[in-house]
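2 protein chains.
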Amino acid sequence: MKKFAEKTISSQEIYSGKVVHLQVDDVILPNGKQAKREIINHPGAVAIIPITKDNKIVMVEQYRKPLEKSLLEIPAGKLEPGEVPETTAIRELEEETGYTTNELSLVTSFYTSPGFANELIYIYITDQLERVDEPAEGDDDEFIEIVEVTLDEAKQYVEEERIHDSKTNYAILYLHALGMN
Amino acid sequence: MKKFAEKTISSQEIYSGKVVHLQVDDVILPNGKQAKREIINHPGAVAIIPITKDNKIVMVEQYRKPLEKSLLEIPAGKLEPGEVPETTAIRELEEETGYTTNELSLVTSFYTSPGFANELIYIYITDQLERVDEPAEGDDDEFIEIVEVTLDEAKQYVEEERIHDSKTNYAILYLHALGMN
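Read top to bottom, the protein sequences are chains A and B. Using the working numbering, you'd call the opening residue of the first sequence number 144 and step up by one each time. Using the working numbering, you'd call the opening residue of the second sequence number 144 and step up by one each time.
Read the hints as simulated data drawn from the structure, not as lab findings. Treat the numbers as computed from the prediction; the structure is a model and nothing was measured. A hint or two may mislead.
The list cannot tell twin chains apart, which means a pair is met if one copy fits it or any two copies do.
Claimed, not checked - Keeping only pairs whose Cα atoms sit at most 20 Å apart, straight-line, the calculated EDC-like set for lysine to aspartate or glutamate is: (1) K196 - E273; (2) K146 - E211; (3) K145 - D168; (4) K161 - D282; (5) K212 - E303; (6) K176 - D282; (7) K176 - D284; (8) K199 - E296; (9) K161 - D283; (10) K179 - D283; (11) K212 - D168.
Taking the hints into account, I'd like the entire structure generated from these sequences.
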């Protein structure tokens, strides 16, 4: 769909960091006027809803510097260049939870904030988890704690805003809609 | 929750634009090492799920420059400084759809992408819509088309990825879970 497409006149890279790549484009609007568009370029991400054999959701708690607080989230991570999302999902699952799987189902995908960022996140689910004896370690600037919760506990955490991000709120609503208990 | 809190040593503003405000912080990690955190500061946002008397969802189609395509989304907009979310919701509803309401219920709120941005979005729902005779106009760089769809049509658009963003995918799943038809 290209309705109301905006033609790029020029594009300037403002910042290229570890996660955030910011560019500002000058564009021509459908009415012929000019405007600036600020764009965060992001490699994309995956998240996994891991369900244990005793019907708990494996979640991770971590500090989120932009919010200056920690959140409880489903495991997730950024795509490496050229990586297919399933590979990222299995890698992040192992690094963050110590579990692996050979069975992933895609639940949905969505742009997290299409007004200013092109981050696309894929959400997978699995109830086929196996413990890894010596799991690969994640980034050395990531500090996480694994928490296994029932769906009722997760709903309570949503109320308390301890769970409070798009992928995890979606996941909890999805499990509710599925009739998990 | 402050688990694994990261202490800020210094904070540098990299860019301050119309939508995106980028800062890079040097922090001390829980293990005493240093790291950089790239943070998009965002004023927050609201979205509304407007349901008409004949049980359709009022949506807007607009071009999203970061994706280089248009999406069909529920109406939404950014908070102005000091504005309470309900005020933003009613303003954006009128500007984008020509409807108003005096009855909004909060569905949920979530951070769209807590790894790098502090954007918090509030999602409201209303089935009490009134037409505004001469609705206020929105930003002069916004070009939108109003589309009223059934829930079944919306689910089809999710499949086709014409609906493909966190707030709108959440809204459709929410209406499905509610048993709307």
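Tested hints:
1. K196 - E273: within (10 Å within a copy, 50 Å between copies)
2. K146 - E211: between (39 Å within a copy, 10 Å between copies)
3. K145 - D168: within (18 Å within a copy, 37 Å between copies)
4. K161 - D282: within (12 Å within a copy, 33 Å between copies)
5. K212 - E303: within (13 Å within a copy, 36 Å between copies)
6. K176 - D282: So K176 and D282 pass the 20 Å test across copies only (13 Å; inside, 45 Å).
7. K176 - D284: between (45 Å within a copy, 8 Å between copies)
8. K199 - E296: within (10 Å within a copy, 33 Å between copies)
9. K161 - D283: within (14 Å within a copy, 34 Å between copies)
10. K179 - D283: between (37 Å within a copy, 12 Å between copies)
11. K212 - D168: Intra 33 Å, inter 15 Å, cutoff 20 Å: inter-copy only.
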